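Asker: So the chains spell out like this:
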Amino acid sequence: MRGTREGIGREIGLIALFAGAYLAISFAVQDSYYQLIMTLVLVWATLAMSWNFLSGYSGMISFGQASFFGLGGYAMTIAFVDFGITPWLGIPIGIVVGVLAGIIIGIPTFRLRGHYFALSMLAYPLAMLYVFEWLGYQEVSLPMMREAPAAFMQFSDQRVYIALALGMLVICMLVSLLAERTRFGMSLLAVKQNELAAEAAGIDSWRWKMYAMMVSSAMAAAAGGFYAVVVLVVTPPSLFGMLVSAQALILTLFGGVGVYWGPVIGAIVLVPLAETLHAELGHIVPGIQGVVYGVAIIVIILSAPDGIYWSIRDRLARRRRAGAPAEAAPAPDVAFPAAPVPAAGDRTLGGPLLELENVSLSFGGLKAVDNVTLTVREGSIHGIIGPNGAGKTTLFNVINGFLKAESGSIRFEGGELVGLKPHKVCALGLGRTFQVVRAFPRMSVLENVMVGAYVHAATDAEAVHRAREALQRVGLSGDQITATASGLPTKQLRLMELARALAARPRLLLLDETLAGLGHAELDDILAVIRQVNREGVTVVIIEHTMQAMVKLADAFSVLDHGSLIAGGAPASVVKDPRVIEAYLGRKWMDRAQDPVA
Amino acid sequence: MEELKWFFVDFFQAMSAGLLVGGIYGLMCVGLGIIFGVMRVINFGQGDFMMLGMYGAYYMFTLLGLGVLLGPYAGPVAAAALAGPVVFVISWFIHLFLVRHVTGARVVSSEAEGHYAQIILTLGIALVLANGGLIVFGSLPVSIPTPMSRESWSIGLIFLNKARTVGFFISVLSAAALYLFLSRSTLGKAIRAAADNPVAASYVGVDVDRSHRFAWSLGCAITAVAGGLIASTQTFQPYIGLDFVIVMYAGVVLGGLGSILGAFWGGLTIGLVQQMSTLILPYQLQNTAVFVVFLLIIFFRPRGMFGRVWERA
Amino acid sequence: MLRIRSLNVAYGGLHALTDLSIEVGEGQFVAVVGPNGAGKTTLFKAISGSVTPLSGEITYGGRDLMKMPPAERARLGIAHVPEGRQVFASMTVLENLEMGAYAGRGRVDWKTLLPSILDLFPVLDERKDQLAGTLSGGEQQMLAIGRGLASAPELLMLDEPSMGLAPTIVDAIFDRVHQIHQQHNLTILLVEQRVAEALESCDLGYVLETGRVVLEGTHDALMSNEQVRRAYLGM
Chain A
1 MRGTREGIGR
11 EIGLIALFAG
21 AYLAISFAVQ
31 DSYYQLIMTL
41 VLVWATLAMS
51 WNFLSGYSGM
61 ISFGQASFFG
71 LGGYAMTIAF
81 VDFGITPWLG
91 IPIGIVVGVL
101 AGIIIGIPTF
111 RLRGHYFALS
121 MLAYPLAMLY
131 VFEWLGYQEV
141 SLPMMREAPA
151 AFMQFSDQRV
161 YIALALGMLV
171 ICMLVSLLAE
181 RTRFGMSLLA
191 VKQNELAAEA
201 AGIDSWRWKM
211 YAMMVSSAMA
221 AAAGGFYAVV
231 VLVVTPPSLF
241 GMLVSAQALI
251 LTLFGGVGVY
261 WGPVIGAIVL
271 VPLAETLHAE
281 LGHIVPGIQG
291 VVYGVAIIVI
301 ILSAPDGIYW
311 SIRDRLARRR
321 RAGAPAEAAP
331 APDVAFPAAP
341 VPAAGDRTLG
351 GPLLELENVS
361 LSFGGLKAVD
371 NVTLTVREGS
381 IHGIIGPNGA
391 GKTTLFNVIN
401 GFLKAESGSI
411 RFEGGELVGL
421 KPHKVCALGL
431 GRTFQVVRAF
441 PRMSVLENVM
451 VGAYVHAATD
461 AEAVHRAREA
471 LQRVGLSGDQ
481 ITATASGLPT
491 KQLRLMELAR
501 ALAARPRLLL
511 LDETLAGLGH
521 AELDDILAVI
531 RQVNREGVTV
541 VIIEHTMQAM
551 VKLADAFSVL
561 DHGSLIAGGA
571 PASVVKDPRV
581 IEAYLGRKWM
591 DRAQDPVA
Chain B
1 MEELKWFFVD
11 FFQAMSAGLL
21 VGGIYGLMCV
31 GLGIIFGVMR
41 VINFGQGDFM
51 MLGMYGAYYM
61 FTLLGLGVLL
71 GPYAGPVAAA
81 ALAGPVVFVI
91 SWFIHLFLVR
101 HVTGARVVSS
111 EAEGHYAQII
121 LTLGIALVLA
131 NGGLIVFGSL
141 PVSIPTPMSR
151 ESWSIGLIFL
161 NKARTVGFFI
171 SVLSAAALYL
181 FLSRSTLGKA
191 IRAAADNPVA
201 ASYVGVDVDR
211 SHRFAWSLGC
221 AITAVAGGLI
231 ASTQTFQPYI
241 GLDFVIVMYA
251 GVVLGGLGSI
261 LGAFWGGLTI
271 GLVQQMSTLI
281 LPYQLQNTAV
291 FVVFLLIIFF
301 RPRGMFGRVW
311 ERA
Chain C
1 MLRIRSLNVA
11 YGGLHALTDL
21 SIEVGEGQFV
31 AVVGPNGAGK
41 TTLFKAISGS
51 VTPLSGEITY
61 GGRDLMKMPP
71 AERARLGIAH
81 VPEGRQVFAS
91 MTVLENLEMG
101 AYAGRGRVDW
111 KTLLPSILDL
121 FPVLDERKDQ
131 LAGTLSGGEQ
141 QMLAIGRGLA
151 SAPELLMLDE
161 PSMGLAPTIV
171 DAIFDRVHQI
181 HQQHNLTILL
191 VEQRVAEALE
201 SCDLGYVLET
211 GRVVLEGTHD
221 ALMSNEQVRR
231 AYLGM
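Residue numbers (full-length UniProt numbering), protein chains in the order written: chain A, 1 to 598; chain B, 1 to 313; chain C, 1 to 235.
By construction, these hints were calculated from the structure, which means they are not laboratory data.
Quick caveat, the model's predicted, so the values are computed rather than measured.
Warning: the hint list may mix true and false statements.
Said to hold, decoys possible - Which residues of chain A face chain C? A few of them, derived with a C-beta cut under 10 Å, are: (1) Pro387; (2) Gly487; (3) His520.
Stated by the list, open to error - If you want the footprint, here are the derived chain A segments under chain B, 3+ residues with CB under 8 Å: (4) 112-122; (5) 129-140; (6) 285-298.
Note that beta-carbon positions come from the ideal geometry of N, C-alpha and C, so glycine has one too.
Modelling step: build the complete structure from the supplied sequences, incorporating the hints.
Answerer: Written as structure tokens, this is what we have:
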């Protein structure tokens, strides 16, 4: 399972098996040209592994792996040529340079999303390419060290290079495996699948991305340094060129994204193909290598967009499942409420837990939140109501840190929240759910909830424990927690999201239309869970449209319209407020429901 | 005194060159801007479609005899203009067989996933075009042999290269014609509707897929015309697209992704930056200057500086 | 005129509509009501062709819609006024109305229809050269309905016209819809979350919950139904 060490021994065994087999084959191959190809397969696999670590795990597509590859290569080369430093030291120096570049590039670039990120990553290696040409490094050859070749990583037997490259690749595979099985990989996967949800669940996405960038640039720089040692001549296009970055991405996409075998499979299939074609036909059709890569990537993205590894796995899984009967559609659940649930009634509530004071935020000219002041008392269920577009969800986004209030203050247990990032807000004990469930669709229910548990769990085992506990609180068990999140019915998704928020053991929950899309019977089930959680001491702030449910559930209402608070107080009095009727409930609601709270 | 005078001469020389080149870049950016504005697709192959336009114009001038037929002055212009329809047809089929599968209504529900596939598919197309170009056209740099590239008009001490000046005016006219087409014609309005809100557009009977195909091909063709104009001003080889893809994105982002007029102003500005950077930077770092400006824009003004952004409601 | 039989729609394995059957007769005003997420919008999307159902049949005037591309459906005389208005924000009010007539059949009548649309919604006349994105929510809703009418439709489908609007504006819009139905004898299919308002003016109503029809009947039958009164009308 992801996020745990289960079965890790078997995986290590497989890696050892692969390494042994590769080495055995390399000893059988006599032709030095094929030995060179076998070396290059490993170098490119390492570079592709670096792309997978950044882009495959975190979902931020990098077109700039060549920056780190090139810096690693040039750092080693310059150290060797100008300072006589052996590649044994030069490659580690290159790695340090690469990681530094990764940090310097990452700091500004992580602010960007999607295609902006991809585009700007493309600009870095191209800018470096021109700079290195301008600096006069058009073509640099490594000198042959005949006195002490081994001390300068020069071997007459090509198979030594294969063994070294294999060692480098195996280290990268092990690092990737370890990441996949710990919260490192789980956090990146959560960020990839839904960054906002991950932040709200307490994942510091920026930090994990930066770690991924550092590991990734280290791998790429190592590959670049080693590549220069093997080919002996470096030019800016061969290290910083578009084909380098493209190759990193293409090999991984071809082999399989987000799994460490992907880059290896991709390199083993494509590199020999492209290299052989280049050697056989390169003098007649010079661009054949690029065409092969281009066609490979077009075919793969149209036919198996996740790569070969996943296609094969899915096919095997389907064959295994073929015997089993298809899953039946959920049973109809259309009952109307049998009896009204008793209202919250008079309860003794604590002091203020969350206080908003003159909070404002505008988008362009539109005041989305306009000078809102409200207090949520400890232990209460506080309803936020108002028409669509009144700014209810925006208010939640301001409270949990997705958006920053332009003015005013938000205090939670007396501490200021304005200016804190969402994961910090989560760590303080303020959880939330979303209007449209933000699940991590490819993770199981348990894994989804584990992501929420990381924030206060010291170990991964503790996270599993906390996740199970939270699932129990919302009443999910058995098959329901091993199922993959995508394709779950709405009610289970809502409960899962609730459990994910609870796994961080919050003091306050922000629930955004948790009842939307549910039938009446399901609605009562969720209401029961919310009440139970509240009785256990969690304060709840809930946005909801179904007035009938809200009147019964909430201790207090705040009514928003056009971003500002138009009424607040006990439900019974709020629904009679003429302003509320005018702005939200409508006179027809009043005509028909003379006294819904009675 | 003399020194100051020559500084100003250099300055205005670089600025006028920047304006002229920038006008052609502007047209190039308009092509990319239409594709992004309408389809929300990042086309990494845009530079390579431009490269096709360059070779298209080159071969029409040399092999098909436009040079002989229309002479060394009208010939290059006609060749550049005709490169447009050629690339239009090629890109029409590329959309029909490839791009269509990862864009449009099919991927609306999976916003991020869609972008991922689009970026990678167009990267694949770019690789095939550039390297296929190497196979077909060879790696030797060429340019359209016209005296215009060497001749210039002079205004005082400032020289205006003829090829660039003609390219500038044709670019401005083409961009204006395109603007009129989009704002006045029914087809243009349908394309704008499909760009503004594809779902609503399909509800009123616009065939969004065909609008996208038209916009894609039109965008590629416009960039190709710009490429054809550049083919008279400098040498080029099949890999040239990559340099220009960044130039174009810099311009389009500067103008505000999705704004067509903005793309033109953005391209113009990039041309100015590129030419004027030579006043303080070595010639080889011209493009690096553009990349740095591009990064700065993306960091600080990702919504662009010019024009109205045609954002979805 | 519009007949839907045992329609099933699923998103990623999740059933959005289950065995749904609905019929709309010529000249009728049919309302489909239910809470948020009951599948009302999905139903409309299936009719307009922006989602592909798993199974079932949709016929319009005897013609099978299931295999017909969305743009072609618009040419049959079905006008879809989508949820959340979805006006062309970057185009002027007049251009929006013109786009409404884009589908072949409306284009002929477009200029003759314009005065009656502007009569119905005078505020659109005042703002005809303004960009649609700068209109208020209520004005955008009127524009969206006007755009639907510009295609000279036989069936007007309204998806939650009350969404995000203040009750007084909702009332005004429902009055207009009622007027369109009466004066032009237009067939109307309305989906609404505001049950009371929607049921008030309809001939026939369907109650949807979690993707199924749980109740159907005439205006009078539904208004007097105990369950509806308790669950939706707050009585």
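Asker: Take the segment 285-298 of chain A, compare each residue's beta carbon with every beta carbon of chain B, and decide whether three or more fall closer than 8 Å.
Answerer: Holds, because 13 residues of the segment 285-298 of chain A bring their Cβ atoms closer than 8 Å to Cβ atoms of chain B.
Asker: Answer holds if the nearest beta-carbon of chain C is closer than 10 Å to that of His520/A; otherwise answer violated.
Answerer: Holds, because the Cβ-Cβ distance from His520/A to chain C comes to roughly 7 Å (cut-off 10 Å).
Asker: Does the interface hint hold: is Pro387/A within less than 10 Å of chain C, judged Cβ to Cβ?
Answerer: Where the cut-off is 10 Å and the nearest Cβ of chain C is about 6 Å from Pro387/A, the hint holds.
Asker: Can you tell me if the segment 112-122 of chain A counts as covered by chain B, using C-beta to C-beta distances under 8 Å and a minimum of three residues?
Answerer: holds (count 8)
Asker: Does Gly487/A meet its interface restraint, that is, does its C-beta lie within less than 10 Å of any C-beta in chain C?
Answerer: holds, 3 Å
Asker: Would you check chain B against the segment 129-140 of chain A, counting CB to CB pairs closer than 8 Å, and say if three or more residues qualify?
Answerer: Per the Cβ count (4), the hint holds.
Of the numbered hints given earlier, the model fails none.
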